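From first to last, the protein sequence lines are chains A and X. Residue 268 in full-length UniProt numbering sits at position 268 of the first sequence, with consecutive numbering throughout. Residue 81 in full-length UniProt numbering sits at position 81 of the second sequence, with consecutive numbering throughout.
No lab work stands behind these hints: they were computed from the structure. Source: prediction; values computed, not measured. Heads up, some of the hints might be wrong.
Chain X stretches covered by chain A per the calculated footprint, using a threshold of three residues with CB under 8 Å from any CB of chain A [to be verified]:
#1 37 to 47
#2 57 to 70
#3 141 to 150
Only part of the chain A face toward chain X is listed, based on derived beta-carbon distances under 7 Å [to be verified]:
#4 L29
#5 L36
#6 V40
#7 L55
#8 R57
#9 D81
#10 W122
#11 S268
#12 H270
#13 K272
#14 D330
Note that beta-carbon positions come from the ideal geometry of N, C-alpha and C, so glycine has one too.
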Amino acid sequence: MEALGKRKRGDDASGGDAAGCSSGGGDRLSALPDHLLHEVMSHMKARQMVQTCVLSRRWRHLWPKVPCLDIDQRELNAGHDKFDDFAYFLLRKVSVARLDAFRLHVNEGFDRGGLVGNASAWIRRAIMASAQAPPAREGLTSSGSWRLRRLHLSGLRLDGLFAEHVRSRCPSLEDLELRVCKCRLRAIASSSLESLSLIGCSWAGKEFSEISSPTLKNLVVDRGSNDDIDSPFVVTALALASLFLVVTPYNFPGGVSFGEMPSLARASVHLKERETLAKRAHLRSHLFKILRSVSNVASLELNGFDVTVKAGEESTTFPEFSNLRTLELDQCGLGHDIHVSGHILRNSPNLEKLTLTYIESSKDTRKKKGTSKMNNIDQNHMDVRCENLKLTKIIYKDDDVGQLVQFLLRFSRNLPNNNKTNQD
Amino acid sequence: MASAGSGDEKAATVTLISSDNEHFEVPEAVATLSQTIRHMIEDGCTDGGVPLPNVTGRILAKVLEYCNKHAAASDKDELEKFDKAFVDIDDQATLFDLVMAANYLDIRGMLDLTCQTIADMIKGKSVEEIRETFNIKNDFTPEEEAEIRRENQWAFDD
Numbered sequence: 001m002e003a004l005g006k007r008k009r010g011d012d013a014s015g016g017d018a019a020g021c022s023s024g025g026g027d028r029l030s031a032l033p034d035h036l037l038h039e040v041m042s043h044m045k046a047r048q049m050v051q052t053c054v055l056s057r058r059w060r061h062l063w064p065k066v067p068c069l070d071i072d073q074r075e076l077n078a079g080h081d082k083f084d085d086f087a088y089f090l091l092r093k094v095s096v097a098r099l100d101a102f103r104l105h106v107n108e109g110f111d112r113g114g115l116v117g118n119a120s121a122w123i124r125r126a127i128m129a130s131a132q133a134p135p136a137r138e139g140l141t142s143s144g145s146w147r148l149r150r151l152h153l154s155g156l157r158l159d160g161l162f163a164e165h166v167r168s169r170c171p172s173l174e175d176l177e178l179r180v181c182k183c184r185l186r187a188i189a190s191s192s193l194e195s196l197s198l199i200g201c202s203w204a205g206k207e208f209s210e211i212s213s214p215t216l217k218n219l220v221v222d223r224g225s226n227d228d229i230d231s232p233f234v235v236t237a238l239a240l241a242s243l244f245l246v247v248t249p250y251n252f253p254g255g256v257s258f259g260e261m262p263s264l265a266r267a268s269v270h271l272k273e274r275e276t277l278a279k280r281a282h283l284r285s286h287l288f289k290i291l292r293s294v295s296n297v298a299s300l301e302l303n304g305f306d307v308t309v310k311a312g313e314e315s316t317t318f319p320e321f322s323n324l325r326t327l328e329l330d331q332c333g334l335g336h337d338i339h340v341s342g343h344i345l346r347n348s349p350n351l352e353k354l355t356l357t358y359i360e361s362s363k364d365t366r367k368k369k370g371t372s373k374m375n376n377i378d379q380n381h382m383d384v385r386c387e388n389l390k391l392t393k394i395i396y397k398d399d400d401v402g403q404l405v406q407f408l409l410r411f412s413r414n415l416p417n418n419n420k421t422n423q424d
Numbered sequence: 001m002a003s004a005g006s007g008d009e010k011a012a013t014v015t016l017i018s019s020d021n022e023h024f025e026v027p028e029a030v031a032t033l034s035q036t037i038r039h040m041i042e043d044g045c046t047d048g049g050v051p052l053p054n055v056t057g058r059i060l061a062k063v064l065e066y067c068n069k070h071a072a073a074s075d076k077d078e079l080e081k082f083d084k085a086f087v088d089i090d091d092q093a094t095l096f097d098l099v100m101a102a103n104y105l106d107i108r109g110m111l112d113l114t115c116q117t118i119a120d121m122i123k124g125k126s127v128e129e130i131r132e133t134f135n136i137k138n139d140f141t142p143e144e145e146a147e148i149r150r151e152n153q154w155a156f157d158d
């Protein structure tokens with residue numbers, strides 16, 4: 001490591017001139033070696049990063065070799081033309097193929113092709129330029145391959161060209177995030193991907209069906225919409241350890257089908273627009289299927305899963321959650337046994353830590369219905385087997401106390417560590 | 001707290017020696033947050049201690065504060081709070097010393113944290129404000145500076 005002169009020794013409170021973080025006279029920033037300045041630039045957005053070229057001679061030619069690029073339309077706060085120009089000139093100086101990480105955020109509605117913004121075209125052309133490179137000779141990585149480890153795209157239109165590129169020319173890609181993208185592609189496949197996030201994406205045409213990656217550890221599918229009501233969304237990810245789903249009536253109309261996931265340790269399932277979901281039988285069965293697929297996890301979080309299990313659905317629906325140690329139920333109904341949450345509690349013999357959050361608005365008449373149902377429940381259904389329960393945390397809001405106490409009494413001999421928080 | 005190794009024997013430690021000859025005995029589980037030290041332990045060259053000529057005792061103490069916390073805690077919120085307080089430093093010299101130490105010791109998390117902090121100090125500032133904050137001397141002639149701005153007009157406001 002080269003010694004970089006000028007380091008102030010011994011003075012903890014260096015004679016600072018300015019308030020806040022004082023520099024004490026030297027320019028320690030410019031004194032950092034190139035690669036550390038690139039590290040700092042990797043945390044900056046593109047326009048400000050480019051502007052460093054005018055700070056001093058030291059900085060003039062630094063930025064084009066930056067390993068991480070973050071192009072964000074919001075940083076420019078400008079109209080289409082200015083953003084278009086900016087990205088055009090920037091991408092001529094920095095080759096996406098050589099980046100370690102690339103983030104491109106385009107405002108929703110900006111990229112409609114044609115005369116209006118066409119950010120997707122930049123990516124397509126960068127991909128096509130790489131595809132034109134000669135194919136790999138045996139054993140060598142193709143010169144058209146991208147070194148990218150992290151790619152985050154927001155607001156773009158993506159198609160088969162993109163999918164093929166990810167599949168075959170991104171051998172180091174570990175982290176892929178697509179946010180509010182309009183996708184017309186068949187599958188996302190990769191042999192290196194570890195983390196995949198699909199947030200608010202729409203899948204057009206009856207094509208998209210599969211996520212496939214033997215290395216995938218974390219998967220997030222958050223809202224979005226899918227045209228294809230017939231085929232299920234297939235996830236083939238043997239190594240998956242963590243799953244986060246936000247399910248709406250629109251994103252898994254054909255259901256979702258998970259392959260074997262022996263390493264799945266943690267799952268979170270949030271429901272939005274629950275009323276609509278709960279009413280449609282085929283959507284309900286999709287929900288139960290999701291629960292079955294994650295039944296071997298050690299840690300489960302359910303949010304908004306205020307869903308009742310109808311007569312006849314029980315036996316086919318609820319496996320044992322035999323590995324479940326930690327359960328968080330948020331807005332999932334008060335554990336009526338006819339609710340999903342009650343079923344899960346009954347089938348989790350090794351549960352150690354339970355967190356219940358239930359903050360119901362007083363405007364909700366459903367709550368009142370629930371109260372009377374509680375009183376009529378057959379006592380035989382009260383048997384909950386959580387003998388190892390070590391810690392219970394309940395976050396509730398004012399007038400639910402009565403129901404909560406009733407609910408608690410069902411477990412009472414098993415609740416050594418109780419922590420109740422009233423949140424107003 | 002750093003957990004002891006399994007079994008009854010005391011957890012393995014390694015001694016780090018700062019440039020000003022302060023000795024720090026550190027559990028291996030904590031020290032190996034530094035890839036540099038991890039490689040040395042794996043190569044078996046840590047007997048008698050590891051000299052770190054580029055890091056003073058004062059900075060090494062801070063680095064170990066970071067490593068201790070990150071080796072032990074697993075709660076994300078807790079770590080975030082710690083990190084925020086860790087880089088809430090009044091003098092730039094310490095911040096830059098930490099960047100250099102994180103780089104030399106190859107502690108990825110700390111390097112990201114400190115570089116992010118510097119980037120945050122730059123964010124939103126004009127070129128002149130950045131120069132002022134960090135004492136960067138503008139060694140361009142006015143003509144040179146104008147030329148650079150013209151060449152990169154697409155990145156500067158009109």
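The hints, checked one at a time:
1. 37 to 47: violated (count 0)
2. 57 to 70: It is violated: at least three residues are needed, and the stretch 57 to 70 of chain X offers just 1 whose Cβ sits closer than 8 Å to chain A.
3. 141 to 150: holds (count 3)
4. L29: Since the shortest Cβ distance to chain X is 4 Å, the answer is holds.
5. L36: Cβ of A/L36 sits 6 Å from chain X, so the hint holds.
6. V40: Where the cut-off is 7 Å and the nearest Cβ of chain X is about 5 Å from A/V40, the hint holds.
7. L55: holds, 5 Å
8. R57: holds, 5 Å
9. D81: violated, 11 Å
10. W122: violated, 14 Å
11. S268: violated, 14 Å
12. H270: It is violated, given that the least Cβ distance between A/H270 and chain X is near 18 Å, above 7 Å.
13. K272: violated, 24 Å
14. D330: violated, 16 Å
Violated hints for the displayed structure, listed by number in ascending order: 1, 2, 9, 10, 11, 12, 13 and 14.
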